[in-house]
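Peer 1: Make a model of the complete structure from these sequences and hints.
2 protein chains.
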Amino acid sequence: MRLKSETSELRSILAINLRRLRAELALSQERLADLANLHRTYVGSIERSERNVSIDNIAKLAQALGVEPSELLKDLTQ
Amino acid sequence: MRLKSETSELRSILAINLRRLRAELALSQERLADLANLHRTYVGSIERSERNVSIDNIAKLAQALGVEPSELLKDLTQ
Numbered sequence: 001m002r003l004k005s006e007t008s009e010l011r012s013i014l015a016i017n018l019r020r021l022r023a024e025l026a027l028s029q030e031r032l033a034d035l036a037n038l039h040r041t042y043v044g045s046i047e048r049s050e051r052n053v054s055i056d057n058i059a060k061l062a063q064a065l066g067v068e069p070s071e072l073l074k075d076l077t078q
Numbered sequence: 001m002r003l004k005s006e007t008s009e010l011r012s013i014l015a016i017n018l019r020r021l022r023a024e025l026a027l028s029q030e031r032l033a034d035l036a037n038l039h040r041t042y043v044g045s046i047e048r049s050e051r052n053v054s055i056d057n058i059a060k061l062a063q064a065l066g067v068e069p070s071e072l073l074k075d076l077t078q
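If you read the protein sequences in the order shown, they are chains A and B. Heads up: the first sequence begins at 1 in our numbering, then just goes up one per residue. Heads up: the second sequence begins at 1 in our numbering, then just goes up one per residue.
All clues given are correct.
No more than 25 Å apart at the CA atoms, straight line, and that leaves these computed lysine to aspartate or glutamate pairs for DMTMM-like:
#	chain 1	residue 1	chain 2	residue 2
1	B	K74	A	D56
2	A	K74	B	D56
3	A	K74	B	E9
4	B	K74	A	E71
For the record, the hints were derived by calculation from the structure and aren't laboratory data. These numbers come from a predicted model, not from an experiment.
Peer 2: Right under this line is the structure:
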């Protein structure tokens, strides 16, 4: 159960960071999706921790948001 | 082309970090695969930047290596 919990936790960390960075840049989900060359509903599902996002898409999101990819996986609540 | 290059770059960063951390812990690919509950050939292909690894598997690898997931995506060559 530990692995499963860790796994879901990282999806949540990514979701929280995406929402935070998107808010800081005043970007809609649609605009971020456009910038990252992803679908709007896909970005929405990532922000609801529903998706097992791939490293290539993490790279696209980081580039669109102007941050290092590692920033997207950082737990800032610790 | 920029996106594509960024994308491949992040796979390489993960590959380099995996190999480095695995060496530091003196773990074989097989042992790391066991610890992360992944297949040995899969870990090998990640270390050759061949795989579009998912966030859930990044979480598993980080847990197996005892590091924060964000550490696996950090570019230490910069």
